[in-house]
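Protein chains in written order, with numbering that gives the first Met the number 0: chain A, 0 to 297; chain B, 0 to 431.
These are calculated hints, taken from the structure and not from any lab test. Some hints could be false.
What the hints assert, rightly or not - 30 Å max Cα-Cα, derived DSSO-like pairs, lysine-lysine: (1) Lys-242/A x Lys-241/B; (2) Lys-150/A x Lys-253/B; (3) Lys-127/B x Lys-153/B.
Said to hold, decoys possible - Sample of chain A residues facing chain B (criterion: CB under 8 Å; computed from the structure): (4) Leu-51; (5) Pro-69; (6) His-134; (7) Gly-244; (8) Pro-245; (9) Thr-248.
Every residue gets a Cβ at the ideal spot worked out from N, C-alpha and C, and that includes glycine.
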Amino acid sequence: MSEATVAAPRAKRRANSAYPSWFYLPAALVYAALFLFPTVASLFFSLTRWTLFDATFIGFDNFAQFFREPFLVKGLINTLIYAVMTSGLKVVLGFLLAVLLTSQIMARGYLRSVLFFPVLVSTVGVGITFTVMMHPTTGVINETLGLFGIKGPGWLTDPNLALFSVALVDVWKGVGLATVIYIAGIVSIPQEYYEASLIDGASAWDNFWNITLPLAKPATVTVIILSLIGGLRSFDLIWAMTKGGPGFTSDVIASVIYKQYQAGFYGLSTAGNVVLFIMVAIIIIPLSGFLNRQGDGQ
Amino acid sequence: MRSKFTGTLLGGLAAGLMLSASFVGAAMAQDVTLSFLVDNTDASTVTVAQALADAFMEKNPDIAIELETRPGGGEGDNIVKTRLATGEMADVFLYNAGSLFQAINPQQNLMPLTAEPFEANVIDTFQKTVTAGGEVFGVPFATAMGGGVMYNKKIYADLGLSVPKTWDEFMANNEKIKAAGKVAVIQSFADTWTSQLFVLGDFYNVVTAEPDFAEKYTGNQAKYATDPAAIKGFERQEAVFKAGYLNEDFAAAKFDDAIRMLATGEGAHYPMLSFAAGSVVSNYPENQADVGFFALPGDDATKNGLTAWMPSSLYIPKTTEHADQAKAFLAFVASTEGCDVQTKAVGVTGPYLIKDCTLPADVPAVVADLLPYFQRDGGTAPALEFLSPIKGPALEQITVEVGSGIRSAADGAALYDEDVKKQAQQLGLAGW
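Pulled out of the complex, with its shape left as it was, chain A reads as follows (with noise of 0.2 Å):
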């Protein structure tokens, strides 16, 4: 072989690319192990009673069966709830909070760190915390109630409250994150525009409303795919404070994912995680296509 014929197409591909096929070798095979094997050998346990020790091929009987049952569908619905309102309340929350610590204020490098500092701390620390805060008679948020004559409800031990309890702490915790996107986004806005809405003559409400809030848009955009997809998959928290109780009732979808591994459910859990990333992929796919356009648009 003349040196004229190796050379030749290793210049063609180095021209398509910047590096040589074997460069990426080690990459693939790394994706292929930890995560396409794994994807697609999920995809088929999920059609199988699976006992960890043999597999039998059933069908799509774990996906109808998971469909089938009360606190299943119990779980997604509370899926949705909780991602909508974590989401929903750190859009606001972080945003206005976004706007008061770009102002001028007293301290602002403190309040802001003190405001992202729950971001840091352990989840699971977080949530046994809240759990012993939220105790219904000896807990310090009831006790502090009881001081002003009130008798605080069961935070986590209420069937209605104890999912929005534990949706609030979610928030408590994953606010600071949100607020520190918008000061990025808030303070990339060019100051001219205020300038110019000065001169126009503009009241404070007409800039927040006609300048900040449009032109922090993609960070809007950030912070809801971020949350919700945060919120879908939600479970460490609630698995601290609630392990999906009382009862069913503060169930996510995954939460009970874990419960029918725990219980050695391992085709059924499988199925319950494939369901789970069809799921997200249905909500995230076209919001995320739709907040990016409109974000495109302005």
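Fit chain B to the given chain A structure using the hints.
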């Protein structure tokens, strides 16, 4: 992986050092470290396991036993199944007998012990609960238990109550206790497993009404929702909630809170397994004489009896590299000497399931109330989980819902039937 590695390493090191000292039959001569996995649901389990290991090591200086603990409940099931499936199980491990034992695929994963001489010491009733495909796989750890109601004897004495033999008497007692300003029934739903006793502990009454319930249930012919005897457990749990007999913080209280309330006389009744006597003895020794026990009452006072729980069992996985030493340890546990070690470690918690084991005369009040049921012919019936391989895993959440008024008894029973069906299908039973 790590435990196996250190095991081999230690074994190898020790073998090198002790080469000259050990000439007791070629293969068994070297020093061996056995790993021993137990759950830590109750502190006394670990204490007993350690005491047995220590006593065994004293007798067999060439075998060391290293205790390893795991959580109980669903998380523990998960650990046991995963470690068995991956071949990483400890040389000896503690796990439930009965339906949970059936779910770990014993014929594939465990070492059969049918032919071992020490199995002859094990009482038949227990052997049945660790038998699969005609082979016996375990030896009992600790004692048999009863599922019923632990009660505060002081409250009973103060109010002039007597131990109820029927459900109506029980409810009448509850009314009087409530009127006296005490908590009639303690529940601790923060530890969800504690919620199941009204249903599971009622099985003696189910089986006296319908002796073949367990077979029909396993064969997909009897359902909790439609069987008039079986649904009563759910209905009674609902009735107790509706009558307002529960402690105010029933939804947030934990097992330890319930034991405190019961021992100190804040509450009168706690539906529980009798092993909880151990927690009373160790946490509230000055109150241990105040806590007694009775079986969950049914409709007929003449047919009063106890739903009995078999203790957990010790098993050896097929993957062990030290089968002979592991068997020697099991032989020690299944001997009268093993019983005495356990009694010495935590006192008596119930009758042993090893032949010829004796109990001291001085036993805690709960156990004193428990033993007569076992001594009377037909005084006990094993719980359903020891007669049938199927136990639905979501029962504890369902009984929390029924017991806190979130779901009706009929609804809860029907939901549980669905759960049972799922488990039966997972086990691959015929007829589902």
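(request) Return the numbers of the hints above that this structure violates; sort them in rising order. (result) Per hint list: single violation, 3.
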